[in-house]
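Undergrad: The sequence shown begins at 3 in the numbering used here and counts up by one.
Some hints here could point you the wrong way.
[Stated by the list, open to error] Restraint-style ranges between C-beta atoms, simulated for each label pair:
no.	residue 1	residue 2	range
1	86	158	39 to 49 Å
2	176	108	46 to 56 Å
3	173	86	23 to 33 Å
4	51	149	41 to 51 Å
5	135	85	33 to 43 Å
Derived by calculation from the structure, the hints in this document are not laboratory data. For glycine and all other residues, C-beta sits at the position ideal for the given N, C-alpha and C.
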Amino acid sequence: MKPVTVIASSLFTLLLAISPAYADGFVVPNIGVNFGGDASATLIDATQDSSKVSYGVVAGFMSDGIFGVEEDFAYAPNFFGKGGSINSDRTLTLMTNLLIGIPIGGQHGAGVRPYASVGLGLINRNVDSFVPSTNFSANNLGYDLGAGVMGYFANHVGIRAGVQYFRNFERTGANIIGLDAGEFNFFRGSVGVLFRF
């Protein structure tokens, strides 16, 4: 098995193992904006700017105290631009994050929970060109750091907003389509409706 698969499987197993102890389960469909780092890059053959928008969902739980775990998935179409010889491209992330969040106002009813997160997981990049020799695809192990706030209007619904930083451990080498060499990295700000159960 690839190291990425082993680590992702191990983290998901940890999530399942400690899930019976949860107090606050949550699901957050969200929309985000990518910025900074490689999010500002456009491929050489692209004639239109890259899309800054991402779509995602987060699912996890917070314990009776301040700790929690979550799975965070996000998909960003046209991350590097489109047009010209570029048929399509995307970046997606799948992270297992550990959370620390302090419940202000308790864990029932209205309240606020500021949080910080750190995690490991998959960062996938794919570029599909009309010139097959310039296609690019990479699945890399990466990490993310985040901070934000969960705000609850009532027992089961609220809003979550946050910012995350993503970075690969592996370097991107020289290439002919204009991807920056070095560690791939970018920021994402996101907001979504928070469902608590």
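Undergrad: Please go over all the hints and tell whether each is borne out by the structure.
TA: A quick look at each hint next to the structure:
no.: 1; hint: 86 / 158: 39 to 49 Å; in the structure: holds, 47 Å
no.: 2; hint: 176 / 108: 46 to 56 Å; in the structure: holds, 54 Å
no.: 3; hint: 173 / 86: 23 to 33 Å; in the structure: holds, 26 Å
no.: 4; hint: 51 / 149: 41 to 51 Å; in the structure: violated, 28 Å
no.: 5; hint: 135 / 85: 33 to 43 Å; in the structure: violated, 19 Å
Consistency note: the structure conflicts with the earlier hints numbered 4 and 5.
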